[in-house]
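Chemist: Sequence:
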Amino acid sequence: MTDLWTGERVRLRGIEPQDWEGFRALALHTVDARNADVVEPPRSDESFRAWATERAGRTPNASAYQLVIETRFEHAFVGAVSVGETDTRAGRFRTGIEVTREHRRQGYAFEATELLLTYMFAEQRCHKCEVEVYAFNDASLALYRKLGFVEEGRLRQHEYFAGTYHDVVLLGITADEYWAGRARPSLR
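Take the sequence shown: its position 165, counted from the start at 1, is 164 in numbering that gives the first Met the number 0, and no numbers get skipped.
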């Protein structure tokens, strides 16, 4: 590929105002929202429109951002991947991903995360990526392990929702671990 943001099946891009419907779809399934974060009260369509429009107008920030994942050829909204909690001194960052129900288990999350890791390790000189995953979220744990992330710890009974406490699994991958067995991006 000649575009760092484009893979075989997906493309990562900035948020556009029309993406509000995709983000609304992600929030409509409260069980899915809980797997990724906390369940928020229902929002109006206008709230999603305003949020997407505001995000679309932001100047890019290399230390904290969210990108839309779309299918490469159909340009269908697949979900979003984010970078945050970047520590430039230590070379660490955190990432997270959300994928719509109809696009799960098709390799989109894997490819989108690979594109993001490639950018952060090859272009931003980061040394390590970290993620936090609820211990019951088997799909996310499998995704990150398949990418080469290693479990570094567990925060026991760390989060409370749905009437009980839940463990959080901490996983990480270093740039060297990521590049082992992968080709670095070419300048051509």
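Just so you know, the hints here were simulated from the structure itself, not pulled from any lab data. There's no promise every hint is true.
[Claimed, not checked] Heads up, simulated EDC-like pairs for lysine to aspartate or glutamate below, C-alpha to C-alpha not over 16 Å straight-line:
no.: 1; residue 1: K127; residue 2: E84
no.: 2; residue 1: K127; residue 2: D86
no.: 3; residue 1: K145; residue 2: D166
no.: 4; residue 1: K145; residue 2: E101
no.: 5; residue 1: K127; residue 2: E176
no.: 6; residue 1: K127; residue 2: D166
no.: 7; residue 1: K145; residue 2: E110
no.: 8; residue 1: K127; residue 2: D137
no.: 9; residue 1: K127; residue 2: E150
no.: 10; residue 1: K145; residue 2: E122
no.: 11; residue 1: K127; residue 2: D175
Chemist: Hint by hint, note whether the structure agrees.
Modeler: Taking the hints in turn, this is what the structure says about them:
no.	hint	verdict
1	K127 x E84	12 Å, holds
2	K127 x D86	10 Å, holds
3	K145 x D166	21 Å, violated
4	K145 x E101	21 Å, violated
5	K127 x E176	9 Å, holds
6	K127 x D166	22 Å, violated
7	K145 x E110	11 Å, holds
8	K127 x D137	23 Å, violated
9	K127 x E150	13 Å, holds
10	K145 x E122	23 Å, violated
11	K127 x D175	9 Å, holds
Hint compliance for this structure: hints 3, 4, 6, 8 and 10 are broken, all remaining hints hold.
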